[in-house]
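Listed in order, the protein sequences are those of chains A, B, C and D. Numbering follows the working numbering, in which position 12 of the first sequence is assigned residue number 188; successive positions increment by one, without gaps. Numbering follows the working numbering, in which position 94 of the second sequence is assigned residue number 270; successive positions increment by one, without gaps. Numbering follows the working numbering, in which position 30 of the third sequence is assigned residue number 206; successive positions increment by one, without gaps. Numbering follows the working numbering, in which position 97 of the fourth sequence is assigned residue number 273; successive positions increment by one, without gaps.
Calculated directly from the structure, the hints in this document are not laboratory data. One or more of the hints may lead you astray.
Since copy identity is lost for identical chains, a pair holds within one copy or between any two.
Stated by the list, open to error - Simulated crosslink set (SDA-like; lysine to any residue; CA at most 20 angstroms straight-line):
(1) K245 - M274
(2) K259 - P238
(3) K210 - N236
(4) K205 - N236
(5) K205 - A253
(6) K210 - A284
(7) K275 - A253
Protein chains: 4
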Amino acid sequence: MPHKQHQELLSVLHECMEACNHCFDACLKEEDVKMMAECIRLDRECADMCSYLESAISRNSPFVAQLAKVCAEICEACGNECKKHDHEHCQKCAEACMKCAEACRNAAA
Amino acid sequence: MPHKQHQELLSVLHECMEACNHCFDACLKEEDVKMMAECIRLDRECADMCSYLESAISRNSPFVAQLAKVCAEICEACGNECKKHDHEHCQKCAEACMKCAEACRNAAA
Amino acid sequence: MPHKQHQELLSVLHECMEACNHCFDACLKEEDVKMMAECIRLDRECADMCSYLESAISRNSPFVAQLAKVCAEICEACGNECKKHDHEHCQKCAEACMKCAEACRNAAA
Amino acid sequence: MPHKQHQELLSVLHECMEACNHCFDACLKEEDVKMMAECIRLDRECADMCSYLESAISRNSPFVAQLAKVCAEICEACGNECKKHDHEHCQKCAEACMKCAEACRNAAA
Chain A
177 MPHKQHQELL SVLHECMEAC NHCFDACLKE EDVKMMAECI RLDRECADMC
227 SYLESAISRN SPFVAQLAKV CAEICEACGN ECKKHDHEHC QKCAEACMKC
277 AEACRNAAA
Chain B
177 MPHKQHQELL SVLHECMEAC NHCFDACLKE EDVKMMAECI RLDRECADMC
227 SYLESAISRN SPFVAQLAKV CAEICEACGN ECKKHDHEHC QKCAEACMKC
277 AEACRNAAA
Chain C
177 MPHKQHQELL SVLHECMEAC NHCFDACLKE EDVKMMAECI RLDRECADMC
227 SYLESAISRN SPFVAQLAKV CAEICEACGN ECKKHDHEHC QKCAEACMKC
277 AEACRNAAA
Chain D
177 MPHKQHQELL SVLHECMEAC NHCFDACLKE EDVKMMAECI RLDRECADMC
227 SYLESAISRN SPFVAQLAKV CAEICEACGN ECKKHDHEHC QKCAEACMKC
277 AEACRNAAA
């Protein structure tokens, strides 16, 4: 199974997708939604890209390295935004994003 | 975390997405690809729908039940096609699909 | 070309996807983001589902009717939320959603 | 409307997504499916990436340039594979892919 090589990356991407989508939902429920606008935007970007890359890896796409490079950049941007906010969902999301950014950079190399 | 209610469903969907995408890839490498044409088609349908539903659950979508109902039907169709083929990837995929179809039916109820 | 039967539906879905994604972006830039929270959430739901259905139709998916039924419901929910807001992007989005909901209901029948 | 800058790219991406998904469907119905295996694989890659980029542009994603760079590469690979086959759906798909690759390269620059 070719995609087994990427089993750990798949798992990290999945955690990041869940964390970002949960953060998206939780940000929309916060008192100060305006402060979270950039977080909401980047959560969606990051969740969608992680989900896309998961699928690409699973189907043994010939473009995993190139997609992982972009995914790393998106994860890092989302993680940097989330880090600014004290909400637990943001802090957890930042952690998942940074872990995923590193895994994606390795896959892109 | 609202999406924690669906944690087991998320995991079953993820396994099904991976099994279907792996089966898609493996079918395209088989000697007799023509025999696998319907399997290839349904693997993509099922992988994409499982992936979509994973994202929807993670973002606390208000439409999880309706999407899960359609996903159950797609999983069942894919599982029934895979069951016809002796390849290990098809048999494993059929199993993942049937398990996922049941989990989706429960989430749709 | 089997998917030509659905050429008008494809076009309506595409306009709705664009309108919802534009509304998502514009809502995040509004002064009162909190008031737009439900609109932001439903814009994403609707844009993603319209995009998914476009792809499904284009690949001649066997599940277009079932997906169109769910898409109609999501479009209607998004259109009803958008209608409440005076912003031009919301009003335009509401219109696109209602048109798309009707086209999807026809495709689902 | 920020995404209006990209209106032509959106239209080219949409045509490419439709051509690739139609080619995917038509290849699965050909007599010699085995010969079309790589075409089927790349049609899916290309359709999915074009669809992803359409959504990203519509929501004013900050990552359009990076995604367009990868999309250009995928379109080119798919176009080169399709060019090898005489089927009308492959020839039309090759043309749509090459046009889209160029538009994506411009957007990435």
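So which hints don't hold here, by number, going up? Hint 6 contradicted; others consistent.
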